[in-house]
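Asker: We have chain U; now place chain F onto it with these hints.
For reference, the chains in residue letters:
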Amino acid sequence: MYAVFKRELFSFLSSMVAYITIGIFLLVSGLLFWVFPDTSVLEYGYAELNGFFSLVPYLFMFLIPAITMRAFAEERREGTYELLVTRPIQLWQIIAAKYLSSLVLVLLALIPTIIYYYSISKLGFPEGNIDSGSVIGSYIGLFLLGAAFTAIGIFSSSLTKNQVIAFVICAALCAFAFLGFDYTSQVSLFKAIESPMMNLGINQHYTAISRGVLDTRDLIYFITFSALFLFLTKLMMGGKR
Amino acid sequence: MSISVKNLSRHYDKQKAVDSISFEARPGRILGFLGPNGAGKSTTMRMLTGYLEPTSGTAAIAGKNILTEAIAAKRQIGYLPENTPLYADMYVKEFLTFVGQTYGLSHLAARVDEVVKMVGLTPEQHKKIGMLSKGYRQRVGLAQAIIHNPEVLILDEPTSGLDPNQLVDIRLLIKSLGAAKTVVISTHIMQEVEAICDDIIIINKGKIVANDSLEGIKKTYGGLSLEDIFRKLTA
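Taken in sequence, the protein lines are chains U and F.
Residue numbering for the first sequence follows full-length UniProt numbering, starting at 1 and increasing by one per position.
Residue numbering for the second sequence follows full-length UniProt numbering, starting at 1 and increasing by one per position.
It is worth saying that the hints were derived from the structure and are not from the lab.
Treat the hints loosely; a few may be bogus.
[Said to hold, decoys possible] Estimated spans, in silico, between C-beta atoms of each pair:
1. U:SER195 - F:LEU105: 54 to 60 Å
2. F:GLU94 - U:ILE20: 53 to 59 Å
3. U:TRP92 - F:MET190: 41 to 47 Å
4. U:VAL17 - F:TYR12: 31 to 37 Å
5. F:TYR12 - U:THR224: 34 to 40 Å
[Said to hold, decoys possible] For lysine-lysine, the following DSS-like pairs were computed, each having C-alpha atoms within a straight-line distance of at most 30 Å:
6. U:LYS161 - F:LYS16
7. F:LYS219 - F:LYS117
8. F:LYS14 - F:LYS207
9. F:LYS127 - U:LYS161
10. F:LYS117 - U:LYS6
11. F:LYS232 - F:LYS117
12. U:LYS234 - F:LYS64
13. F:LYS128 - F:LYS93
14. F:LYS16 - F:LYS6
15. U:LYS161 - F:LYS134
16. F:LYS6 - U:LYS161
17. F:LYS134 - U:LYS6
18. F:LYS205 - U:LYS161
19. F:LYS93 - F:LYS16
20. F:LYS205 - F:LYS232
21. F:LYS14 - U:LYS234
22. F:LYS219 - F:LYS14
23. U:LYS6 - F:LYS93
24. F:LYS64 - F:LYS181
25. F:LYS14 - U:LYS161
26. U:LYS234 - F:LYS6
27. F:LYS219 - F:LYS205
28. U:LYS6 - F:LYS128
29. F:LYS218 - U:LYS161
30. U:LYS6 - F:LYS127
31. U:LYS234 - F:LYS127
32. F:LYS218 - F:LYS175
33. F:LYS181 - F:LYS219
Because the structure is a prediction, the values reported are computed rather than measured.
Even for Gly, the Cβ is constructed at its ideal location relative to N, Cα and C.
Chain U with its partners taken away, still in its complex shape (with noise of 0.2 Å):
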């Protein structure tokens, strides 16, 4: 499984496609973050993150599926997809190894950004006035969506050989669970489930841990949700043999 996971990582660093994302998912959350009024927190006014946590979900739905549409929508028009599993590795063990070398590749996105926080800290009054821990929290909250929506993204690569499509379905997905539970709720012919109903988008989950608070149980939803999508792409790869 290593090897195969090496190989993603070296296949995404040595093409274009790792710089390029990373490169224009810094420009725009910079650009939307710092620069436009409507959006930067210099015109805002406080030393406060709070903006770009809002702002990064709804750049993952366009970074995440760019990184994750080839997994194995390109393998399986390529034909390399039947090297790789006549090698002796477990299918299981080729999906965590795609869902991990992506999930790197998101981590190396975020990583940057945290100048954002350096920079904010210097601007606070006093300086270094700044709440830490909702930071990290919401650190982890980005992370662990990113997680979700990689996982949504390797699924729907196995759904298809063309990776276009691979991209605007997972864009979708992703849109969906992150905001379509919340809008589905408001729906008069929900109102009786509308907690329920709200509590299985990532949304509810995500605001949750960037408030700072890691509670256990959005932990084990980011978890299951993950899971579930990989195990679908488990059960996708496995029926098309």
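Answerer: Relative to the frame of chain U, chain F by itself:
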């Protein structure tokens, strides 16, 4: 027996791509797997290598059942899929190292150099796979199939699309590998069969229509050329 296949079938909906075939292959002999396009050659090979799951029936590779001991069976197989799919973005040695790692080989660097030499990749060993010509790509395909020194080699049309010089080289290589291993190759070229195969299986519409040694089949059909025998059995 290195390969023993029993009543292996693969159905797509109602179509029987492979219909209950049984055969055996012995070490030290090269088995030619012949048949028209769509007869079920690739499907059979894909089932043996664990890419496709059989609808029914079973097979054993080097005594390991492909269904119940899949991982152990895969360790004994070197497989060159049809059209030689390879990771075009990797360097030759990088790719072979990756393949070696999936088998957990030790002394990998030395082994990679060894197979590179064996398949005649030395002049191209520092290139990216995507840059190689078809002949060299085929050699990379063979190199990844033999790197773990498997007992059984399954090569799906290893010589398609090669020029006459490359053909001769690759055939020689397969022939030399066949001395110690069980080799199954599929091909459309009858001269190739005459040149390297010891045994022949002809498959048509998912069923085996001939299974004999090269001399045996010629004797049975008294004097007919292999090409005529093939046409007679599959047309």
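Asker: Does each hint hold? Answer for all of them.
Answerer: Hints, verified against the model:
| no. | hint | verdict |
| --- | --- | --- |
| 1 | U:SER195 - F:LEU105: 54 to 60 Å | holds (56 Å) |
| 2 | F:GLU94 - U:ILE20: 53 to 59 Å | violated (22 Å) |
| 3 | U:TRP92 - F:MET190: 41 to 47 Å | holds (44 Å) |
| 4 | U:VAL17 - F:TYR12: 31 to 37 Å | holds (35 Å) |
| 5 | F:TYR12 - U:THR224: 34 to 40 Å | holds (36 Å) |
| 6 | U:LYS161 - F:LYS16 | holds (25 Å) |
| 7 | F:LYS219 - F:LYS117 | violated (40 Å) |
| 8 | F:LYS14 - F:LYS207 | holds (15 Å) |
| 9 | F:LYS127 - U:LYS161 | holds (28 Å) |
| 10 | F:LYS117 - U:LYS6 | holds (26 Å) |
| 11 | F:LYS232 - F:LYS117 | violated (42 Å) |
| 12 | U:LYS234 - F:LYS64 | holds (24 Å) |
| 13 | F:LYS128 - F:LYS93 | holds (9 Å) |
| 14 | F:LYS16 - F:LYS6 | holds (16 Å) |
| 15 | U:LYS161 - F:LYS134 | holds (24 Å) |
| 16 | F:LYS6 - U:LYS161 | violated (33 Å) |
| 17 | F:LYS134 - U:LYS6 | holds (27 Å) |
| 18 | F:LYS205 - U:LYS161 | holds (28 Å) |
| 19 | F:LYS93 - F:LYS16 | violated (40 Å) |
| 20 | F:LYS205 - F:LYS232 | holds (14 Å) |
| 21 | F:LYS14 - U:LYS234 | holds (26 Å) |
| 22 | F:LYS219 - F:LYS14 | violated (37 Å) |
| 23 | U:LYS6 - F:LYS93 | holds (15 Å) |
| 24 | F:LYS64 - F:LYS181 | holds (16 Å) |
| 25 | F:LYS14 - U:LYS161 | holds (25 Å) |
| 26 | U:LYS234 - F:LYS6 | holds (28 Å) |
| 27 | F:LYS219 - F:LYS205 | holds (24 Å) |
| 28 | U:LYS6 - F:LYS128 | holds (18 Å) |
| 29 | F:LYS218 - U:LYS161 | violated (45 Å) |
| 30 | U:LYS6 - F:LYS127 | holds (20 Å) |
| 31 | U:LYS234 - F:LYS127 | violated (35 Å) |
| 32 | F:LYS218 - F:LYS175 | holds (21 Å) |
| 33 | F:LYS181 - F:LYS219 | holds (26 Å) |
This entry does not satisfy hints 2, 7, 11, 16, 19, 22, 29, 31, going by the numbered hints stated previously.
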